[in-house]
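I would like the entire structure built from these sequences, with the hints used as guidance.
Protein chains: 2
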Amino acid sequence: FLANINPELQMDVLKQVTGPKLVVCDTMNLWISERKPQLLETIKKVDVFILNDAEARQITGEPNLIKAAKMILDYGPNRVIIKKGEHGSMSFTDDSYFSCPAYPLEDILDPTGAGDTFAGGFMGYLASVDNLSEESCRKAIVYATVMASFNVQDFSLERQRILTRDEIESRFSEIKDISRF
Amino acid sequence: FLANINPELQMDVLKQVTGPKLVVCDTMNLWISERKPQLLETIKKVDVFILNDAEARQITGEPNLIKAAKMILDYGPNRVIIKKGEHGSMSFTDDSYFSCPAYPLEDILDPTGAGDTFAGGFMGYLASVDNLSEESCRKAIVYATVMASFNVQDFSLERQRILTRDEIESRFSEIKDISRF
Chain F
6 FLANINPELQ MDVLKQVTGP KLVVCDTMNL WISERKPQLL ETIKKVDVFI LNDAEARQIT
66 GEPNLIKAAK MILDYGPNRV IIKKGEHGSM SFTDDSYFSC PAYPLEDILD PTGAGDTFAG
126 GFMGYLASVD NLSEESCRKA IVYATVMASF NVQDFSLERQ RILTRDEIES RFSEIKDISR
186 F
Chain C
6 FLANINPELQ MDVLKQVTGP KLVVCDTMNL WISERKPQLL ETIKKVDVFI LNDAEARQIT
66 GEPNLIKAAK MILDYGPNRV IIKKGEHGSM SFTDDSYFSC PAYPLEDILD PTGAGDTFAG
126 GFMGYLASVD NLSEESCRKA IVYATVMASF NVQDFSLERQ RILTRDEIES RFSEIKDISR
186 F
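So the sequence lines, in the order shown, correspond to chains F and C. If you're matching positions, the first sequence starts at 6 in the numbering used here and goes up one per residue. If you're matching positions, the second sequence starts at 6 in the numbering used here and goes up one per residue.
Just so you know, these hints were derived from the structure itself, not from any lab. Among these hints, one or two may not hold up.
To be verified - A short, non-exhaustive set of chain F residues, derived as facing chain C with CB atoms under 8 Å:
{"#": "1", "residue": "Pro106"}
{"#": "2", "residue": "Pro109"}
{"#": "3", "residue": "Arg143"}
{"#": "4", "residue": "Lys144"}
{"#": "5", "residue": "Val147"}
{"#": "6", "residue": "Ser184"}
Ideal Cβ positions, reconstructed from N, Cα and C, are used throughout, including at glycine.
What follows is the structure, encoded as structure tokens:
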């Protein structure tokens, strides 16, 4: 997982990895404005690119997120995941689209680290099942959503520090229930 | 269905209806700012209140939509449906929450009438099944989403005029597929 940092460093890290099963990349507005050519070079080499709605619009110049996602897929990654905060997230490949609801929260204490926690939940689930099917990726996005929802309910890692597996599974089931019809 | 108009007129219409099975109400920013007491009186008497995210925030003064929805339920209706345009919609009762994705559209020609079309799809499905269960209401919201998605793809009623049942069912299935995990 190439966490958010200068894309030249991300590329440098990637060059040192031998035969990765999955390469996922994050970024931020700073690199889109200051290191765009280098960022586009890095994205070409990754399997999954995770970014938020503002970043997707910034990198493409396209306000419509469906169009923006397709443009980003053309940059090279096999899957693009666009996070929309309280509005959930969207995952695109050339032949699939998944809309994941947000976990409904009334109080958000601190959004710091939500994006990294989302990515960690996504990677962690996929590593645990060792399978990259569309079905596994969708479940990974729901677990990512669950993990991020806990993260924003306290400062730093306070909530994760006391988090139990049962609490994680319970929110996973809740997201299943709120999207069922 | 009390479509968007001065809430005093909505109330006047409602008084002339004998034993309705379901009363649904829409509104707009103008009545929230200019006729709020009368609007709150009307909402008390309806089963379902449909509004958009900006209106939900305006009527409650609460930026968090989950909290805003709970406040609106306290005003009297049994169900509140908050529409969020490209981000889909949310339905709340005292003991249920449903998150409905938007139908993904790359080109939107004219959003005029999308809210009325959404409400029409919701009412039409419920009238066709003559059943107000949570399950039926969720399906009604998905059909509402489908109908509104067609409406915004052309001006006036042009798209609806040539719309087929198969096209409606096809988008209903697509929404099922994009939210499946």
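Cross-check of the supplied hints:
no.	hint	in the structure
1	Pro106	holds (4 Å)
2	Pro109	holds (5 Å)
3	Arg143	holds (4 Å)
4	Lys144	holds (6 Å)
5	Val147	holds (6 Å)
6	Ser184	holds (5 Å)
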